Amino acid sequence: NAGVTQTPKFRILKIGQSMTLQCTQDMNHNYMYWYRQDPGMGLKLIYYSVGAGITDKGEVPNGYNVSRSTTEDFPLRLELAAPSQTSVYFCASRPPLSRLATEAFFGQGTRLTVV
Amino acid sequence: AQSVTQPDIHITVSEGASLELRCNYSYGATPYLFWYVQSPGQGLQLLLKYFSGDTLVQGIKGFEAEFKRSQSSFNLRKPSVHWSDAAEYFCAVGANTGGFKTIFGAGTRLFVKA
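Sequences listed follow chains A and B, in order.
Note that my numbering numbers the first sequence so that position 68 is 61, with each residue one more than the last.
Note that my numbering numbers the second sequence so that position 62 is 167, with each residue one more than the last.
Honestly, the hints are just simulated from the structure, not real lab data.
Since the model is a prediction, treat every value here as computed from it, not as a measurement.
There may be inaccurate statements among the hints.
What the hints assert, rightly or not - Pulled a few chain A residues facing chain B out of the computed Cβ check, cut under 7 Å:
1) Met34
2) Leu36
3) Gly44
4) Asn55
5) Tyr57
6) Pro88
7) Thr95
8) Glu96
9) Ala97
10) Phe99
11) Gly100
12) Gly102
13) Leu105
14) Val108
Cβ coordinates follow ideal geometry from the N, Cα and C atoms, glycine included.
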C-alpha cells in the first residue's frame, strides 16, 4: 500500500516564486492535513480538509492555499515564496473518527528551501 | 485551547538503560493521546495511542505509555533502550473539534550513547 505520498521530496525556490506541493492518499480517508515542521517547534497545522470540496485554516495558514477537488488529493500552494516558508512540510490523512481509527498517517515530507 | 508540552528538548541515555519521555497536555475533555517517532529524514510513525480503557498502553518497538488524568500526563517509557531508538519523539493530542486536528508538542530528541 502506498499510503500518503508527497512530491517532491526536496525543492529549492527563489523568493517570489510559486509552487505546489502535491499530496495524494490511497486509503479513501476523508480527513487530510498539511503541517509544517520547524526545528524545536514541532508540527504546526497549516490547512485541513474534512472531505472533497471542504477546506479550513489551521494555525499558520498565511502564505498558503489549498484545494480538495477529490478525496485522494490535497495540494498545498505557495504563491509568493518567502524565506520564512523554509521548512519541512508533511501531509497527513485519517479516516472518520471511531474507537479503532483515531490516528493520522503521514507522508515522508517535502523539504523546501527558499533563497 | 488544546496544547501539548514536552519539557525536555533533548535527552541522552546509555544503551541498555531505561527511558522516560515526559508529556503534559491541556484539553478540556477526554483526550485522544498519541506518541509518534521520527527518524532523521523520515516521516512520523505512530508508536502508540490512548483514548479510553487501561491507562497503561503498549506500543510498537517495546514502548509503553501511561495516561494519568490527575497529572494531565502521558509519559512514554522503555525499559531498555537500543541504539536504533535514537530519533525525535512527538507527543500529540487529538482534538475532537472540527476536522479532529492533531496537536503536537515540540518534540524530544533522544540520543543514545554506547
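So which of the earlier hints does this model not fit? 3, 4, 5, 6, 13 and 14
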